[in-house]
Amino acid sequence: DGGITQSPKYLFRKEGQNVTLSCEQNLNHDAMYWYRQDPGQGLRLIYYSQIVNDFQKGDIAEGYSVSREKKESFPLTVTSAQKNPTAFYLCASTGFYNEQFFGPGTRLTVL
Amino acid sequence: AQTVTQSQPEMSVQEAETVTLSCTYDTSESDYYLFWYKQPPSRQMILVIRQEAYKQQNATENRFSVNFQKAAKSFSLKISDSQLGDAAMYFCASRTASKLTFGTGTRLQVTL
Chain A
1 DGGITQSPKY LFRKEGQNVT LSCEQNLNHD AMYWYRQDPG QGLRLIYYSQ IVNDFQKGDI
61 AEGYSVSREK KESFPLTVTS AQKNPTAFYL CASTGFYNEQ FFGPGTRLTV L
Chain B
112 AQTVTQSQPE MSVQEAETVT LSCTYDTSES DYYLFWYKQP PSRQMILVIR QEAYKQQNAT
172 ENRFSVNFQK AAKSFSLKIS DSQLGDAAMY FCASRTASKL TFGTGTRLQV TL
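Protein chains in written order, with the numbering used here: chain A, 1 to 111; chain B, 112 to 223.
This list has only true hints and no planted wrong ones.
Here are the simulated DSBU-like cross-link-like pairs (lysine-lysine), alpha carbons at most 35 Å apart as the crow flies:
{"hint": "1", "chain 1": "B", "residue 1": "Lys210", "chain 2": "A", "residue 2": "Lys71"}
{"hint": "2", "chain 1": "B", "residue 1": "Lys210", "chain 2": "A", "residue 2": "Lys57"}
{"hint": "3", "chain 1": "B", "residue 1": "Lys166", "chain 2": "A", "residue 2": "Lys57"}
{"hint": "4", "chain 1": "B", "residue 1": "Lys184", "chain 2": "A", "residue 2": "Lys57"}
{"hint": "5", "chain 1": "A", "residue 1": "Lys9", "chain 2": "B", "residue 2": "Lys189"}
{"hint": "6", "chain 1": "B", "residue 1": "Lys210", "chain 2": "A", "residue 2": "Lys83"}
{"hint": "7", "chain 1": "B", "residue 1": "Lys166", "chain 2": "A", "residue 2": "Lys71"}
{"hint": "8", "chain 1": "A", "residue 1": "Lys70", "chain 2": "B", "residue 2": "Lys210"}
In short, the hints are calculated from the structure, not lab data. The structure displayed is predicted, hence computed values, not measured ones.
Model the full assembly from the supplied sequences, consistent with the hints where possible.
In structure tokens, the structure reads:
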């Protein structure tokens with residue numbers, strides 16, 4: 001089945017650690033996105049990539065990094081510079097009609 | 112910059128009744144798209160309905176329909192014959208060339 005997968009579902013980080021969240025899609029979509037969702041809030045854009053080997057900062061990029069070496073993959077690294085990383089992270093890609101398809105999300109908790 | 116405003120943090124509807132969720136947006140773009148997404152307790156974001164700004168006709172998808180008022184920059188979602196499975200957070204979103212901007216969401220409760 002076509003879709004977006006994210007792993008892991010739950011992730012725990014110690015203070016000072018970098019962690020990487022995986023996002024893979026087999027929908028053949030060019031554009032991919034990372035969002036952060038905090039309790040009681042909407043989604044905020046971290047980074048996006050419209051084509052392989054290119055990506056742009058979103059509204060809250062500080063403390064995060066990404067890469068886009070393959071069309072199917074758009075991993076997000078949460079660095080130690082991100083002071084409050086506990087949140088729910090959603091990956092998405094854009095379809096033909098400009099709608100976004102979302103993965104199931106990763107819940108990141110700082111210990 | 113785009114903004115999307117959902118002024119109803121919570122709404123409640125009885126099963127089989129109709130409910131309308133409000134959304135207003137602001138954009139300087141002439142070409143844009145509007146969406147409603149549903150986020151159930153599983154937290155999976157599910158596309159409910161899509162509206163292209165250049166289309167005057169309101170989008171409909173089974174029990175879900177929108178009232179798109181372009182001049183007023185309003186994009187409300189009507190859910191008819193509400194079901195228990197409709198209980199979720201609903202997010203309104205506006206998309207221009209490369210970015211999707213979300214509102215803060217409306218939590219919908221469905222009661223018996």
